[in-house]
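Number of protein chains: 2
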Amino acid sequence: MPGIGPRSAERIALWIVQARGDQPQEIARAITVTRQAIHPCALCGYFTTEEICEICQDPSRAADQLCVVEQPTDILPLEKTSAFRGRYHSLGGKISPLDHVGPEDLRIKELLDRIEKEKFSEIIFALAADVEGEATTNYLVDLLKGKPVTLTRIARGLPAGGGLESADELTLYQALTGRTKL
Amino acid sequence: MPGIGPRSAERIALWIVQARGDQPQEIARAITVTRQAIHPCALCGYFTTEEICEICQDPSRAADQLCVVEQPTDILPLEKTSAFRGRYHSLGGKISPLDHVGPEDLRIKELLDRIEKEKFSEIIFALAADVEGEATTNYLVDLLKGKPVTLTRIARGLPAGGGLESADELTLYQALTGRTKL
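Protein sequences, first through last, are from chains E and U. All letters in the first sequence, in the order written, are residues 2 to 183 by the numbering used here. All letters in the second sequence, in the order written, are residues 2 to 183 by the numbering used here.
Calculated directly from the structure, the hints in this document are not laboratory data. Every residue gets a Cβ at the ideal spot worked out from N, C-alpha and C, and that includes glycine. One or more hints might be untrue.
As the list claims (entries may be wrong) - Beta-carbon label-pair distances, calculated as ranges:
1) U:171 to E:31: 31 to 41 Å
2) E:144 to U:101: 28 to 38 Å
3) E:31 to U:166: 18 to 28 Å
4) E:77 to U:60: 51 to 61 Å
5) E:28 to U:12: 54 to 64 Å
6) U:80 to E:33: 51 to 61 Å
7) U:171 to E:170: 20 to 30 Å
8) E:139 to U:101: 44 to 54 Å
9) E:150 to U:40: 48 to 58 Å
10) U:103 to E:31: 53 to 63 Å
11) U:65 to E:139: 28 to 38 Å
To be verified - Here are the simulated DSSO-like cross-link-like pairs (lysine-lysine), alpha carbons at most 30 Å apart as the crow flies:
12) E:182 to U:148
13) E:182 to E:118
14) E:182 to U:118
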């Protein structure tokens, strides 16, 4: 389990063996139930107990904006910002030849199907600002070129609270070239 | 001296006392010469040995773009990116009531004088993405409202190489709201 080293593991193992109540059994049951009940949303790939997740079902959300992310876990921090009230699509990863992940391993076909059917007016690429994230964004932009939809990407620049002296060269370059009108 | 703790200081002190050559004396001379020779540029506030610094004198640089920074030391990292080939203006700090730094303590009068004289077409605010940097930018934007000059600010968003999971809420919010067209 993440965050549990050999010493913690030993402590937990001994507790499982010696605990008076049936708490260990309850935890085992909770894990089993969670594994059975929660699966990826058929549309966006987010976690859900139903066929379609809460976000995809929510009629109050904009149906014409789609935010493309790498992992379903990226949806949580984006939701916390409340800056986006449209739909999501998780690719399940990013193109990374070194890890043997190609476009065919990602949920790109599902993305193209949704774009055909759901008629989005804007697609926002919210992938990581690293080499693989860039490559994946560029690959998808090439695929979607010519379609009647606005393609945008989240801004790169100075992170909140950061001074110029703590920013690396590439971040400063992107902050300068991507400057915005006031 | 920055980066020199008690142990290093002791080692250096003993070396100054015991060194065979006259290296310690040469270092003392270099420090004195540097202190005498280098002073702030009369225009931008950057380091120079003359009245006006190399950047302000360089005729190959765009004379109609001005980049406003907090400290003269912020000019170095910006120069390294090669993304900007105009002039600079260092304010000498940022508005920070908690540290008793008000607008009158900054080189704002000098900035207004330059804007009157040098007829810039664009002024880029490259201040820190923290509260004081924001406040200073907003103060200057208010001052310059109505002047025939484009005001821009460097982008805020995901730093280079950063994934969504490592970005804080405010950075993600700014990355989403500041998204750019592809």
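Hints, one by one, checked against the model:
1. Between residue 171 of chain U and residue 31 of chain E the beta carbon distance is about 34 Å. The supplied range of 31 to 41 Å therefore holds.
2. Restraint check, residue 144 of chain E to residue 101 of chain U: a C-beta distance of roughly 56 Å breaks the suggested window 28 to 38 Å.
3. Distance hint check for residue 31 of chain E and residue 166 of chain U: the Cβ-Cβ separation is about 25 Å, which falls inside the suggested range of 18 to 28 Å.
4. Distance hint check for residue 77 of chain E and residue 60 of chain U: the Cβ-Cβ separation is about 53 Å, which falls inside the suggested range of 51 to 61 Å.
5. In this structure, residue 28 of chain E and residue 12 of chain U meet the distance hint of 54 to 64 Å, their C-beta atoms being roughly 56 Å apart.
6. At about 60 Å, the CB distance of residue 80 of chain U to residue 33 of chain E agrees with the hint of 51 to 61 Å.
7. The given range of 20 to 30 Å is respected by residue 171 of chain U and residue 170 of chain E, whose C-beta atoms sit roughly 23 Å from each other.
8. Checking the proposed 44 to 54 Å range against residue 139 of chain E and residue 101 of chain U shows it holds: the Cβ atoms sit about 49 Å from each other.
9. The supplied range of 48 to 58 Å is met by residue 150 of chain E and residue 40 of chain U, whose beta-carbon atoms lie about 56 Å from each other.
10. For residue 103 of chain U paired with residue 31 of chain E, a C-beta distance near 58 Å keeps the hint of 53 to 63 Å intact.
11. Between residue 65 of chain U and residue 139 of chain E the beta carbons are some 33 Å apart, a value that agrees with the proposed interval 28 to 38 Å.
12. Taken as a hint, the residue 182 of chain E and residue 148 of chain U pair is honoured in the structure, with Cα atoms around 14 Å apart against an allowance of 30 Å.
13. Under the criterion of a C-alpha separation no larger than 30 Å, the hint pairing residue 182 of chain E with residue 118 of chain E is inconsistent with the structure, at around 35 Å.
14. Of the supplied pair hints, the one linking residue 182 of chain E and residue 118 of chain U holds, its CA atoms being roughly 23 Å apart against a limit of 30 Å.
The structure does not agree with the numbered hints 2, 13 stated previously, though it agrees with the rest.
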